[in-house]
Amino acid sequence: FTSGKPVVYDTDDDFEATPPDHLFFPHLAPRLPHIRDTIARAACVTVSTPALAAVYAGRARQVRVLPNFLPDALWRFAAPPKRPVAAIGFAGTPSHAADLARLAPALGELARQPDFTGRFVCFGCPTPPGFPTGATAIPFAADYAAYAARLPRLGLSIGLAPLADTPFNRVKSAVKWQEY
51 FTSGKPVVYD TDDDFEATPP DHLFFPHLAP RLPHIRDTIA RAACVTVSTP ALAAVYAGRA
111 RQVRVLPNFL PDALWRFAAP PKRPVAAIGF AGTPSHAADL ARLAPALGEL ARQPDFTGRF
171 VCFGCPTPPG FPTGATAIPF AADYAAYAAR LPRLGLSIGL APLADTPFNR VKSAVKWQEY
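So the mapping is simple: my numbering equals the position in the sequence shown, first residue as 1, plus 50.
Be careful, since some hints might not be right.
Okay, the calculated beta carbon distance ranges per label pair [to be verified]:
#, residue 1, residue 2, range
1, 101, 76, 20 to 28 angstroms
2, 180, 125, 31 to 39 angstroms
3, 56, 203, 22 to 30 angstroms
4, 220, 60, 15 to 23 angstroms
5, 163, 220, 29 to 37 angstroms
6, 112, 184, 21 to 29 angstroms
7, 205, 121, 22 to 30 angstroms
8, 215, 79, 16 to 24 angstroms
Hints were generated in silico from the structure; no laboratory data involved. Note that CB positions come from ideal geometry on N, CA and C, so glycine has one too.
All chains, full assembly: derive it from the sequences and hints.
Structure (structure tokens):
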């Protein structure tokens, strides 16, 4: 800011609405005053959704919506590997463990159906308690290019993107659906 050059703050989260049980909350909470100051002083705040623009409208000088997009170079479109059974999966960060846990009872019930022959995959998030036994758990990878390369090779038939109905999640973009 001291350089006099315009500063643009770009975000796709409402950090002030981060729930206390969120994985990153302990790291984020002490930084909230700095984030608030940056938002107030920035020449422009860019956000990924109209709902998030409404959150920042009263706090920033100018807010613009720039929808998320995924660079085509990251995504190698190819037929997924042929698998003998359908795969239901979740791909995301460990911060969504609680969101995924909400689906465990329903997925467990599905897995117990006599005619169900599918499999379950959790990519980036550990399988929560009560999740169907035998689910494949693939550790989180911070390298987004590696994540993008691996995702289509999982052979998912159904991609899950559960989000609890919270102020933090209500402003999220549809980037997960773009990935799937």
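Structure-based check of each hint:
At roughly 26 angstroms, the beta-carbon separation of residue 101 and residue 76 lies within the given 20 to 28 angstroms, and the hint holds. Between residue 180 and residue 125 the C-beta distance comes to about 33 angstroms, which sits within the given range of 31 to 39 angstroms. The beta-carbon spacing between residue 56 and residue 203, approximately 42 angstroms, falls outside the hinted interval of 22 to 30 angstroms. For the pair residue 220 and residue 60, the beta carbons lie near 19 angstroms from each other, so the given range of 15 to 23 angstroms is met.
Residue 163 and residue 220 have their C-beta atoms about 33 angstroms apart, which keeps the hinted 29 to 37 angstroms range intact. Checking the proposed 21 to 29 angstroms range against residue 112 and residue 184 shows it is violated: the Cβ atoms sit about 51 angstroms from each other. Distance hint for residue 205 and residue 121: a CB-CB separation of about 23 angstroms, consistent with the stated range 22 to 30 angstroms. Judged by the Cβ atoms, the range 16 to 24 angstroms given for residue 215 and residue 79 holds: they are separated by roughly 22 angstroms.
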